[in-house]
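Residue numbers (the working numbering), protein chains in the order written: chain A, 1 to 123; chain B, 1 to 265.
In case anyone wonders, no lab produced these hints; they're calculated from the structure. One or more hints might be untrue.
[Unchecked claim] Partner residues are not named here, just some residues of chain B that face chain A (Cβ under 7 Å, in silico):
hint, residue
1, ILE123
2, VAL124
3, THR127
In this text, a Cβ means the ideal position worked out from N, Cα and C, and glycines have one as well.
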Amino acid sequence: MIFSLLGGLLIVAGLVFFFGAALGLLRFPDFYSRMHAAGKGDTLSSLLVVIGFALHELHDFSSFTHDWPTILVILKLSAIVVFIFLTSPTSTSALMDAGWEDGVEPVIEPGRPNVLRDDTEAR
Amino acid sequence: MNAKVSATIAVIITGAVLLYGVADFPDFGDPTSPANAGVEGGAPSASLHFINESYKETKVPNLVTSVLADYRGYDTMFETVVIFAAGLAIFVILRNLRSDDPLPEPLPATEDRFIDGDHQRIIVGTTCRIAIPLVQIFALYVVAHGHHSPGGGFQGGVMLGASFILVALGGNLRDALARLGEDTFMRLASLGILIYAAFGLVPQFLGRNFLDYGVLEKIFLTDGPEMARSHSMLGVEVGVALTVMSIMFAIFANLSSRGEMRGGL
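Same shape as in the complex, but just chain B:
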């Protein structure tokens, strides 16, 4: 049986299992579902708790951020791991490291060169030069402002990754890799997850559950567990942003140069 047929069968089986699981879901917005109404004689309503208590418990006005990075931190951590795994998969499939093809020398850091070449290069290069710093600053703002407005690690990380992709599109991939080399971004991707995991492990050493940020008040020296949770969320978002940024750029660099990491666009 060839690969296409077996892949199709696997996809159909997985899809059928997922659809079967969806059938057990409560209706969308059902007021009597366990998430909205709570379990009778058991857990109270989760939504109500988040809506009424999350600001008091975390001092984060943006409900989405506090749910995503604190109450459901475990889920978000493994979402980040999924993105990391996607980046690794791209690396494993595409990256060309054959032994008869020696590794390219580490690229020298280019000087801040003048934009030259034909008209097209000048137009695109100049616009990218103007846009990239603005995109990066805005990305940092989105990462840091996730507590108060829509945003956070995933969105800011994508924007940071896009800014490096823009370097490659406006100039060439070599320039982009000189600024964010392959070993750098793979390390940054792992570092992001490690930061997240550290925010989970440190509370464990202090005698609480994994990702129970409130106890970090002893380390951050905040007055109360609420601000500790707020600060930890920012730390976690930074970790997410690092991973997402690196993986976005890793995927682009591998795809655009067919795993060679030198020519590319």
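Bound-form chain A, shown alone:
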């Protein structure tokens, strides 16, 4: 019961972050901030949802010998979590870098310095 509740809570939290990511993707002004919303929101929300599934699987768990298939499902879900945790931020980072190499200009408030540019020139 407690696992089911906890799992549901995590899934709902993940959906909230998904909503934020989608909203950011639509509303943010330029490529970088949109990627920021999509990358961060997507990673966290997928993780939360999948962990929520894993906890939900535990809800009628009684013993290791009897519920061996449940353990198997949870192990598979954990593998998915680890994989998303590794690959999703990397792909976001690679996309950002590709955009920068390609000369996509960030939108910057008038009067503010372009910190990104200074960074590259200093390198």
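For this one, chain A is given, so just place chain B on it according to the hints.
Just chain B now, kept in the frame of chain A:
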């Protein structure tokens, strides 16, 4: 007439012919269609036969695999040939083998180099290094486990090809080609189809139909034709996986380097 107009006309005619053919199809899920109900006084229902008998006849729990690789093996074999043809077409169109441009030397096998370069290279390179072995192991699992769960040669082959594409994306195309060279993957692509065709021809030599795996029990020394069919399906899947993997990578390598096979991404 320029090429675009004639291509458009050809596409429209082909599409019209295909749509005309679709009009004769039975409705989706129609219980009285010949595939579902059988032909009156003729062949019994194919679907019912697969659902009721396929496990008894092939000892493969996954219905999809047994239909795909055994009952409709002929169809699947030529699906694989279609993929092979797509790879050859990419090769013919893109590959740049002009005589005034000598063939690049075969690339030396690189040592297991350290990942260096800027931050970006380190991030992507490290992740690829972690991910590639896992992807390949999972691909082999998908190929081998097609009998019991969703999967099989096509899916596993795509994953294997993707792992080599990942080598090229995370490092560079030269490293990937040092691990899976052009002559290697073109040979592997042909080998995959040859494996499939061999599973068809050997039963013919033993006096049965093309791709009639049951008779292979004499070669595999299994107790009964069912297990022979099951094992043959695995062999066929391996052939499909080899072809799909090679062609995936061939398409990527040709496209990303514009047929030069050296620079690339």
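- Quick one: which hint numbers does this structure break? Sort them smallest to largest. none
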